[in-house]
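Whole structure, please, built from the sequences with the hints as guidance.
One point on numbering: in the numbering used here, the residue at position 68 of the sequence shown is 68, and numbering is uninterrupted.
Please keep in mind that the hints were generated in silico from the structure rather than gathered at the bench. From a predicted model like this one, the values you see are computed outputs, not experimental measurements. It cannot be assumed that every hint is accurate.
[Unchecked claim] Straight-line alpha carbon distances no greater than 27 Å define the calculated DSS-like cross-link-like pairs of lysine-lysine that follow:
1. Lys130 - Lys99
2. Lys130 - Lys44
3. Lys58 - Lys44
4. Lys33 - Lys44
5. Lys130 - Lys73
[Claimed, not checked] Simulated restraints on C-beta separations:
6. Val19 - Asn116: 50 to 60 Å
7. Ala76 - Asn30: 24 to 34 Å
8. Val19 - Lys73: 45 to 55 Å
9. Ala103 - Leu156: 47 to 57 Å
10. Thr85 - Asn52: 20 to 30 Å
11. Thr85 - Ser162: 14 to 24 Å
12. Gly59 - Ser162: 49 to 59 Å
13. Ala133 - Asp48: 15 to 25 Å
14. Lys44 - Asp167: 17 to 27 Å
15. Leu118 - Ser160: 51 to 61 Å
For glycine and all other residues, C-beta sits at the position ideal for the given N, C-alpha and C.
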Amino acid sequence: MSTTTIVLIVLAVIVLWVVMAYNGLVSLTNHAKEAWSDIQVQLKRRYDLIPNLVETVKGYAAHESSAFENVTKARAAAMGATTATDKAQAENQLSSTLKTLFAVSEAYPELKANQNFLQLQQELGDTEDKIQASRRFYNTTVMTLNTRIQSFPGNLIASSFSFKPMDLFELSAADAAAAEPVKVSF
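Dropping the structure here:
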């Protein structure tokens with residue numbers, strides 16, 4: 001084998017490695033974006049359920065207006081958050097206000113027996129489970145992407161093509177109380 005052939009083979013292997021590493025990073029980035037989209041879909045479903053839940057509870061507990069206002073404000077803040085960090089903080093606040101709403105409903109036995117309320121409660125519980133599953137999938141995908149971006153030799157390709165680590169969807173230390181699930185059963 002000539003020196004030229006050996007050099008061409010080595011160059012071909014390097015080019016092939018660069019292409020595979022780049023495509024792997026693109027694939028992981030797209031999976032992370034898909035996972036974020038899954039979270040957004042479930043959060044949208046949650047946002048759509050909350051006004052119905054609030055209206056149902058309002059009929060029984062009209063004098064609890066501060067709880068309803070807090071849920072509405074937290075919902076608006078969560079819907080307006082754009083980054084993973086901001087979204088996580090807003091969602092934690094929304095979960096806290098929903099806990100307050102469910103605590104209010106505890107004082108009204110006739111509400112606890114209302115079919116609409118029970119159905120909304122069940123749907124919200126199902127949605128909370130789906131949100132948690134979506135968060136886990138997103139965080140796993142982002143962790144894999146970030147590890148690849150930060151590890152050698154993938155970091156060479158990542159920095160050459162401007163791949164950036166993504167934020168995890170996580171609770172801050174200040175939001176530790178929100179780590180508990182929203183109570184949706186009586």
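Taking the hints in turn, this is what the structure says about them:
Between the alpha carbons of Lys130 and Lys99 the distance comes to roughly 18 Å, so the proposed pair stays at or under 27 Å and holds. As the CA atoms of Lys130 and Lys44 are separated by approximately 12 Å, the hinted pair is consistent with the 27 Å bound. Between the alpha carbons of Lys58 and Lys44 the distance comes to roughly 22 Å, so the proposed pair stays at or under 27 Å and holds. For a cut-off of 27 Å, the pair hint linking Lys33 to Lys44 stands: about 16 Å separates their Cα positions.
With a CA separation close to 23 Å, the supplied pair Lys130 and Lys73 stays within the 27 Å bound. Between Val19 and Asn116 the beta carbons are some 56 Å apart, a value that agrees with the proposed interval 50 to 60 Å. For Ala76 and Asn30, the Cβ-Cβ distance of about 30 Å falls inside the hinted range of 24 to 34 Å, so the restraint holds. The given range of 45 to 55 Å is respected by Val19 and Lys73, whose C-beta atoms sit roughly 49 Å from each other.
In this structure the supplied range 47 to 57 Å holds for Ala103 paired with Leu156, their Cβ-Cβ distance being about 54 Å. Between Thr85 and Asn52 the CB atoms are about 29 Å apart, so this pair conforms to the stated range of 20 to 30 Å. The supplied range of 14 to 24 Å is met by Thr85 and Ser162, whose beta-carbon atoms lie about 21 Å from each other. A hinted range of 49 to 59 Å for the beta carbons of Gly59 and Ser162 is consistent with their spacing of about 54 Å.
Here the CB-CB span from Ala133 to Asp48 is close to 19 Å, well matched to the stated 15 to 25 Å. The supplied range of 17 to 27 Å is met by Lys44 and Asp167, whose beta-carbon atoms lie about 20 Å from each other. The hint said 51 to 61 Å for the Cβ distance between Leu118 and Ser160, and at roughly 56 Å that hint holds.
In the structure shown, no violation is registered for any of the earlier numbered hints.
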